[in-house]
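Engineer: So you can see what is in the structure, the chains are spelled out below.
Number of protein chains: 2
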Amino acid sequence: MNKTATFYHAGCAVCTTAESKIMELVDRSLYDIEIVHLAQNKDRLDEAEKVGVRSVPALVVDGIPLHINHGADLAELR
Amino acid sequence: MNKTATFYHAGCAVCTTAESKIMELVDRSLYDIEIVHLAQNKDRLDEAEKVGVRSVPALVVDGIPLHINHGADLAELR
Chain H
484 MNKTATFYHA GCAVCTTAES KIMELVDRSL YDIEIVHLAQ NKDRLDEAEK VGVRSVPALV
544 VDGIPLHINH GADLAELR
Chain V
484 MNKTATFYHA GCAVCTTAES KIMELVDRSL YDIEIVHLAQ NKDRLDEAEK VGVRSVPALV
544 VDGIPLHINH GADLAELR
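Chains H and V, in that order, give the protein sequences. Residues in the first sequence are numbered from 484 upward in steps of one, following this note's numbering. Residues in the second sequence are numbered from 484 upward in steps of one, following this note's numbering.
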């Protein structure tokens, strides 16, 4: 069964660029990618923060947050 | 022929975590990854800076720098 990596974003330009690169890079035979728009799904903000996401875009893999460039701080999305 | 993605780092703990995740995530049937230790290869600093790398760890794909978390600013490595 594939692992799931979660990509959190907020629809910003920095997020979009990162998303397109991540979708190209990641080995989809090993990882499914769930894409979460945090500005549109504010009910997921707590979950993202709990795993250590501080800004978007960020990819969470195996519980480890990889912040990819910097679009917006999580606090700005609340 | 595979594309090459270049992972720039400086041997720091943040870099090591990011490197291990990136090596797991990236589809190696599409991308070769070149790993460059910038603190040990300062002659590569100019090249990294020119493509837009501002801090390590960073992965450069198709000329686009993805800064992954934050270990050290490039200026600190000079």
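Misleading hints may appear alongside valid ones.
As the list makes no split between identical chains, a pair holds if one copy fits it or if it spans any two.
[Stated by the list, open to error] Pairs of lysine to any residue residues, derived as SDA-like cross-links and limited to a Cα-Cα distance of at most 20 Å, are as follows: (1) K504 - T487; (2) K486 - R511; (3) K504 - D515; (4) K504 - I547; (5) K504 - S538.
None of these hints come from the bench; they were simulated from the model. Being a predicted model, the structure only gives us computed values, none of them experimental.
Engineer: At 20 Å max between alpha carbons, let me know whether K504 reaches I547 within a copy, between copies, both or neither.
Structural biologist: both (19 Å within a copy, 9 Å between copies)
Engineer: Since the copies are identical, ignore which copy is meant and state whether K504 and T487 lie within 20 Å (CA to CA) inside a copy, between copies, both or neither.
Structural biologist: Classified as both: same-chain Cα gap 17 Å, cross-chain 13 Å, threshold 20 Å.
Engineer: For K486 vs R511, is the C-alpha pair at or below 20 Å within one copy, between two copies, both, or neither?
Structural biologist: Answer is both: 10 Å inside a copy and 17 Å across each meet the 20 Å cutoff.
Engineer: When no copy is specified for K504 and S538, does a C-alpha distance of 20 Å or less occur within a copy, between copies, both, or neither?
Structural biologist: Classified as both; 18 Å inside a copy, 18 Å across copies.
Engineer: Is it within, between, both, or neither for K504 and D515, if the alpha carbons may be no more than 20 Å apart?
Structural biologist: both (15 Å within a copy, 15 Å between copies)
Violated hints: none; the structure is consistent with every hint.
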